[in-house]
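K.L.:
Line by line, the protein sequences are chains A and B. Read in the working numbering, the first sequence has 138 at position 138, and its numbers run on one by one without any break. Read in the working numbering, the second sequence has 324 at position 38, and its numbers run on one by one without any break.
Calculated from the structure, these hints are not laboratory results. The structure presented is a predicted model; accordingly, all values stated were derived computationally and were not measured. Cβ coordinates follow ideal geometry from the N, Cα and C atoms, glycine included. A few of these clues could be false.
[Said to hold, decoys possible] Cβ pair distances, simulated, as ranges:
no., chain 1, residue 1, chain 2, residue 2, range
1, A, Val285, B, Asp462, 51 to 59 Å
2, B, Arg426, A, Ala25, 25 to 33 Å
3, A, Ala25, B, Ser516, 41 to 49 Å
4, A, Ala283, B, Ser584, 49 to 57 Å
5, A, Pro184, B, Arg545, 37 to 45 Å
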Amino acid sequence: MTTIAVSDRVAAPEARAPRTISHGAALMTLAKRRFALSAKTPREIVVPLLTPILFALVIAPALATMVHTTNGLDYKTYVAVGTVGLLVPLSCMFAGIGVIVDRDSGARRELLAAPVPRSLMVGGNFIVALTVSALQLAALIIAALARGAKFHTGASGIAWFIGAAFLFAVASYGIAEVMANRIPKQEEYVGATPAIAILPWFLAGSLFPIHALPGWLAGVAKVLPLTHALAIMRYGLLDRHATGLHDIWGLSSATGEAALSLLVVAAWAVVLSVASVRVFAKAAVR
Amino acid sequence: MASGRTIRPGPAIEVAGLRKTYPGGVEAVRGIDFTVEPGEVFGLLGPNGAGKSTTIGMLTTTIVPTAGTAKLAGFDVVREPIAARQVSSVVFQEAVVDRGLSGRAHLDLHARLWSVDASAARRHAAGLVDTFGLYDVIDRPVLGYSGGQRRRLELARALVSQPHVLFLDEPTVGLDTRIRYELLDLIGGLRSGNDMTTLLTTHYLDEAERLCDRIAVVHSGAIVALDTPSHLLSSFGDEIIEIRVAGDSQAALSHLRSRSLADADAFAVGATLTIPLHERSGGDVLAVLAAAGLTTTSVATRKPTLDDVYLQLTGDSLAA
Numbered sequence: 001m002t003t004i005a006v007s008d009r010v011a012a013p014e015a016r017a018p019r020t021i022s023h024g025a026a027l028m029t030l031a032k033r034r035f036a037l038s039a040k041t042p043r044e045i046v047v048p049l050l051t052p053i054l055f056a057l058v059i060a061p062a063l064a065t066m067v068h069t070t071n072g073l074d075y076k077t078y079v080a081v082g083t084v085g086l087l088v089p090l091s092c093m094f095a096g097i098g099v100i101v102d103r104d105s106g107a108r109r110e111l112l113a114a115p116v117p118r119s120l121m122v123g124g125n126f127i128v129a130l131t132v133s134a135l136q137l138a139a140l141i142i143a144a145l146a147r148g149a150k151f152h153t154g155a156s157g158i159a160w161f162i163g164a165a166f167l168f169a170v171a172s173y174g175i176a177e178v179m180a181n182r183i184p185k186q187e188e189y190v191g192a193t194p195a196i197a198i199l200p201w202f203l204a205g206s207l208f209p210i211h212a213l214p215g216w217l218a219g220v221a222k223v224l225p226l227t228h229a230l231a232i233m234r235y236g237l238l239d240r241h242a243t244g245l246h247d248i249w250g251l252s253s254a255t256g257e258a259a260l261s262l263l264v265v266a267a268w269a270v271v272l273s274v275a276s277v278r279v280f281a282k283a284a285v286r
Numbered sequence: 287m288a289s290g291r292t293i294r295p296g297p298a299i300e301v302a303g304l305r306k307t308y309p310g311g312v313e314a315v316r317g318i319d320f321t322v323e324p325g326e327v328f329g330l331l332g333p334n335g336a337g338k339s340t341t342i343g344m345l346t347t348t349i350v351p352t353a354g355t356a357k358l359a360g361f362d363v364v365r366e367p368i369a370a371r372q373v374s375s376v377v378f379q380e381a382v383v384d385r386g387l388s389g390r391a392h393l394d395l396h397a398r399l400w401s402v403d404a405s406a407a408r409r410h411a412a413g414l415v416d417t418f419g420l421y422d423v424i425d426r427p428v429l430g431y432s433g434g435q436r437r438r439l440e441l442a443r444a445l446v447s448q449p450h451v452l453f454l455d456e457p458t459v460g461l462d463t464r465i466r467y468e469l470l471d472l473i474g475g476l477r478s479g480n481d482m483t484t485l486l487t488t489h490y491l492d493e494a495e496r497l498c499d500r501i502a503v504v505h506s507g508a509i510v511a512l513d514t515p516s517h518l519l520s521s522f523g524d525e526i527i528e529i530r531v532a533g534d535s536q537a538a539l540s541h542l543r544s545r546s547l548a549d550a551d552a553f554a555v556g557a558t559l560t561i562p563l564h565e566r567s568g569g570d571v572l573a574v575l576a577a578a579g580l581t582t583t584s585v586a587t588r589k590p591t592l593d594d595v596y597l598q599l600t601g602d603s604l605a606a
């Protein structure tokens, strides 16, 4: 045990203006903290990657030997893009566990006592969730390429892909933050994760086009942000004929359809982001 | 934003009519008023559930008051919450740390969020690490800290920003006796040579007596007494006789009062009579009880404590 010697080295407060940190600097500081915590818990990064990588490396090529083509598309590549729709929600839901740990046994109350707008705490967590998702997505694409996926890469296609993936990640983290602040126990949160992160994946045209679904279920699929995000991502990297987008909109302009779908995903992203900040604020302050 | 504004002169903490009613109608704080001057160490003394932590929650802007006002260094906690948080720091009752991060990371994070200049932050942190005996562990994850080390780290973290107002919410609760006294030494040492204001909540009497310039005794969400520890104790005189009786203690107290051997400040809790002697003889008190046929099962004399103040004011024990 270290002997404590009380000294006068605890400096006296000096009269000064209460200078506060800029919002940008506070956001980066909070994100840096979250990065440090995530780096100490590799499960948050590695575990969400396992299933999608398994799909890209093993399941998609295996299915491709049976299915061969979907609307004339390479099925391995089709599923590789579809796997993004599993990876991003899983990654964001795992990030939500960090929010619960912060609340139950972490330093959340210290951050709530800090002289920064509390919405920045959500922003800091989001930046990390987005970065981790992006890294995982890159790993997934590399794995898919290694197993023979064929992407059509052009500047506009990549832009559509990144735009859709980004907005979908915003929406996914929004719902993760809402759930993490609404659900009292980590066990319950983990139990609810499949319903949020996996169930929509089966309906959103991840493994097959939505026109293969029963009519009413295809109607449900058209409401899901994931359906729109996947259709845009495939339009960007794989399907220049935009068959997925036609299944949703039935219009003649692929670009117009992509823009409309991007608008839908953006609307989900905005609604869920606003909800996440509001739910956080309500949960944090009594 | 508080940028560009100066600390306003006047009291460090001003609380007026502060009230908190939780959903469901639970009145945790029932309209309290107090003022704390710069440099003062002010204690909120009361048992669990008295409303102390809710009061700190309102002052640190994590609980929204139902009514009333509170200001820190002149900044209203509801209308100017960021400025109020900028001039204050808090050490919470329970552990509020990121267990995976090092102690130094905690100090750095606090310094950044409280916009302490980087070189000043390094200088403050080095002094605090040294003063609080954290040198050997500061770069290790907090996960491996003992309870005392973690508490000292939390205290050091709160001081990195040199707050004008420091909140200590039950700072020694849950610590073993030796570590508790070490921490009390540290907290007592903070006050020498600076004008930092400290608001401390506790249910430990010795802690309040030892550290606080003034104490507000809190009971069921209200302040029932507010004064210096010596003034609160002085009304009881120098000596108290404590008597356990076999029969009705209230009847025994009434009998003593009728014989002018107990004043209004005497009280009975359960089978125990607590009677400030005020220059009277304890022997006279016992003789009158014996003459009335009341059997005494134990007798002790002692100096008055804040627990007597609390019992006399509320009928409840702080230790309950």
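K.L.:
Assuming the hint says 51 to 59 Å, is it satisfied by the Cβ distance from A:Val285 to B:Asp462 or not?
P.N.:
At roughly 34 Å between Cβ atoms, B:Asp462 and A:Val285 fall outside 51 to 59 Å, so the hint is violated.
K.L.:
Assuming the hint says 41 to 49 Å, is it satisfied by the Cβ distance from A:Ala25 to B:Ser516 or not?
P.N.:
Given range 41 to 49 Å: holds, Cβ gap about 47 Å.
K.L.:
Tell me if the beta carbons of A:Ala283 and B:Ser584 are separated by a distance inside 49 to 57 Å.
P.N.:
Check passed, 52 Å falls within 49 to 57 Å.
K.L.:
Does the beta carbon distance between B:Arg426 and A:Ala25 stay inside 25 to 33 Å, or does it fall outside?
P.N.:
27 Å, holds
K.L.:
How does the Cβ-Cβ distance of A:Pro184 and B:Arg545 compare with 37 to 45 Å: does it lie in that range?
P.N.:
About 59 Å separates the Cβ atoms of A:Pro184 and B:Arg545, which means 37 to 45 Å is violated.
In terms of the numbered hints stated before, the structure departs from hints 1, 5, listed from lowest to highest.
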